[in-house]
Structure formats: structure tokens, C-alpha cells
Amino acid sequence: MKHLLLSILLGLSGSALAQDAIYTKNGHQLPDARLTDVQDDKVSFTINGKTQTFKRENILFAFTSNGNYLVINELSTNTTKAQEQLKTFLAAPPRNDDRDYLIQAVPLKVIPAMIAYESDQLVNYNTLEGKSGSISKGELVAILHRDGHHTILRPDYGEVSPLLEAVHDRIRPNASPKSVQTKPEISSGPEKASENPPRNDSSVVIKQTEVDIAAKYSLSPSQQQLYRKKSLQKVNEFVAYLNVITNKSLPTTVRDEAIRNACELFMEGSTMEVTSTSQPGSRKYTITEYLNRLKLISYSSTKIEWSEVNFIKELTQAVDGSYYGLISGSQKFTGSSNGRVKYIDYTDKNVRVKLKRGIKTQDGEEVVTWDLLLGSISVAHQ
19 MKHLLLSILL GLSGSALAQD AIYTKNGHQL PDARLTDVQD DKVSFTINGK TQTFKRENIL
79 FAFTSNGNYL VINELSTNTT KAQEQLKTFL AAPPRNDDRD YLIQAVPLKV IPAMIAYESD
139 QLVNYNTLEG KSGSISKGEL VAILHRDGHH TILRPDYGEV SPLLEAVHDR IRPNASPKSV
199 QTKPEISSGP EKASENPPRN DSSVVIKQTE VDIAAKYSLS PSQQQLYRKK SLQKVNEFVA
259 YLNVITNKSL PTTVRDEAIR NACELFMEGS TMEVTSTSQP GSRKYTITEY LNRLKLISYS
319 STKIEWSEVN FIKELTQAVD GSYYGLISGS QKFTGSSNGR VKYIDYTDKN VRVKLKRGIK
379 TQDGEEVVTW DLLLGSISVA HQ
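Residue numbers (this note's numbering): 19 to 400.
Result set (DSBU-like, lysine-lysine): computed pairs, CA atoms no more than 35 Å apart in a straight line: (1) K155 to K321; (2) K60 to K248; (3) K360 to K60; (4) K321 to K248; (5) K331 to K378; (6) K248 to K350.
Derived DEER-like restraints, expressed as beta-carbon distance ranges: (7) K149 to Q57: 43 to 53 Å; (8) E326 to D55: 19 to 29 Å; (9) A134 to G166: 12 to 22 Å; (10) P269 to F329: 29 to 39 Å.
Hints listed in this document are in silico derivations from the structure and should not be mistaken for laboratory results.
Backbone N, C-alpha and C define an ideal beta-carbon position, used for all residues, glycine too.
Take these sequences, add in the hints, and give me the full structure.
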């Protein structure tokens with residue numbers, strides 16, 4: 019595959035202005051490449067008039083010339099559904115909202131704006147409210163321009179992919195124009211949703227109905243699937259923060275803010291269990307302590323990757339009314355110094371998830387709220 023990618027890139031060196039593009043796990047951008055089909059664990063695309071097929075895991079995300087994008091992780095594992103998703107993506111109309119989208123890394127945020135000036139280092143823009151702003155490109159993940167072209171500003175596409183997935187609902191055609199941080203609002207499925215959902219980014223309000231009191235305190239199947247997806251996205255968001263925290267080329271203020279934002283993903287008192295090939299047994303740290311230790315790691319560069327992230331215990335309602343689940347993932351940690359890999363470690367980990375139920379009074383009516391949080395992360399002992 020490496021030689022195939024190299025030959026493709028060499029043959030397309032003059033196509034830098036093309037807008038159709040595919041981004042791969044190996045860090046390559048394939049300009050003038052367009053997705054055409056998905057089958058089980060493979061993805062096909064056309065490039066230079068020829069059809070190529072890669073394993074699905076080796077393609078991260080793709081853009082069309084009209085400015086829309088698809089993260090491959092968003093595709094269903096059901097082939098028929100995945101093909102329908104791909105067909106919808108390819109037929110999607112251009113964004114016609116006449117605005118640029120700046121995707122900020124920390125905190126992960128979408129800024130709808132009108133770019134007034136752009137240099138190699140910064141972007142000056144006007145907000146939808148008419149206010150002026152400026153941001154360093156070092157703080158951005160990507161820029162989606164109103165004319166359909168896009169700019170990916172992070173060299174590690176594996177880091178970019180989960181962030182694009184997390185904010186996708188805010189950038190699709192006809193999406194809400196508000197500037198928001200991650201964890202997009204979630205519809206409540208069959209039950210009637212509140213017309214003014216709370217600003218809490220991982221919660222949904224369900225109005226009480228007299229028809230089915232029990233339903234008020236539980237999730238519908240469609241809601242449960244939505245929160246299932248959001249749980250997996252939250253794990254990917256945490257991994258993205260890990261790579262910001264360990265990136266020594268970023269300012270200390272940005273890395274410290276990533277620590278604060280990562281901690282907000284967790285329940286109070288959550289811990290991280292770690293192991294090392296150089297030390298027997300395992301050790302546990304609070305999430306805050308773990309992240310601060312990670313920031314001070316001695317390698318000049320590190321890369322943390324999680325694969326095969328999925329539920330091994332589905333979200334299930336407990337007697338306290340909240341839902342609990344367990345997600346597993348395989349972590350690869352790579353530490354390098356002076357451009358040479360010094361340490362590689364593979365660890366299977368389990369992440370606890372809690373969908374906390376709350377009951378409060380809103381506009382004189384009792385409503386139920388749901389807050390999604392990660393819990394302790396443990397080593398999956400065999």
C-alpha cells in the first residue's frame with residue numbers, strides 16, 4: 019500500500035488545487051480522489067480516472083468539491099446502510115450559507131465567520147454578529163471556506179479525523195449557524211423534544227407526557243442509539259486531547275487548556291490505570307494527575323492512537339435511573355526522541371461510561387435531563 023500511495027502522489031503533484039480529496043491513515047492527502055463505493059471492510063474511490071480499493075481502516079475522511087466531508091468512522095458497519103450513507107454524502111448539495119467555518123482545537127469549537135484576511139500564521143474574521151476576531155492557525159484544526167475548498171491545518175490526519183466527526187453536525191448543509199463547542203445537541207427521538215434544549219452540550223430534555231410516565235424516565239431506542247454514538251465520540255475526543263497535551267510544539271497555554279477540557283469529560287474521582295513494559299504491575303492516577311504527568315513526558319514527540327473502539331457492555335439503566343456502559347479500545351503509545359522511535363506500547367483499555375439522569379423544574383414543568391460523562395479507564399486484564 020505504501021508504494022501504491024507514493025506512486026499516486028507522484029502522479030498528482032500538480033493537482034494541489036483540486037477540491038475532491040481523500041485523507042489516509044498513513045498521513046497522505048490524495049487530491050482529485052472521490053469515494054465511489056463501500057463494501058464490508060473496504061472502500062473504493064476513483065483517482066486519475068482509475069478505481070482503487072483500500073481497507074476501510076486506512077481511509078480516514080474525504081471531502082467533495084462542494085465543501086462537504088465524510089468521516090469513514092461515521093459509516094455503518096452494515097454494508098447496505100453504509101452504501102446509503104455514502105450515496106447521501108455524494109449527492110449532498112453545496113453549503114449555501116455563505117460563511118466560512120473555523121474549527122478550533124482547544125476547546126474543540128466551530129466558529130462560523132466571514133474571513134476578512136488570511137496569512138500563513140493567522141486568520142482575521144468577522145463573526146455572524148458583526149464582531150471582528152483573530153485566531154492563530156496553530157489553534158485551528160481546519161478551515162472550511164464558503165467557496166467549497168478546505169484547508170487541513172494539522173499534519174496528523176489521525177488526530178484530525180475524530181475532531182471533524184465530533185463537530186460534523188454543526189457543519190452539514192442547513193446546520194445551525196450558532197458558534198458552539200463540541201458535543202452537538204441531540205434530538206430526543208420519538209418523544210417530543212424541548213424547543214429550547216439546555217446549553218449543556220451532552221444533555222437532552224424530554225417533556226413529561228401523561229400518556230407514558232415511565233417513558234419520561236428512560237431513553238427511547240433511538241435516543242439510546244444517539245447516546246451510544248456520542249459515547250464513542252467522547253472517547254475519541256479524549257484521545258485527541260491526549261495528542262494535544264503531548265505535543266511539545268504547541269504553546270503551554272494550549273496544552274494546559276487541553277488538560278482542563280479533557281478533565282471535564284469525566285465523572286469526579288475518575289482514575290486512569292497505566293502499565294509499563296519497564297515496571298511490573300499497574301498504577302492508578304486521578305485523571306488530572308495522569309494528564310499532567312503525560313504533559314511532562316520526556317520523549318521529544320509522542321503519538322497516542324486508539325483503535326477498535328466499541329461497546330463491550332451496552333448502556334443499561336440501573337436502579338438509580340442512570341445508564342451505565344463499558345467501552346473497550348486498543349491503545350498504541352509511541353515515544354520518539356531525535357526523530358527515532360524509542361518506545362512502543364500496546365494496551366487494551368476499558369472505559370466506563372455514565373449517562374446520568376437528573377430531574378429539575380423548567381418553566382414550571384418537571385423535566386428529565388441526561389448528562390454523558392466518562393468514568394475510570396482501566397487496563398483490560400486477560
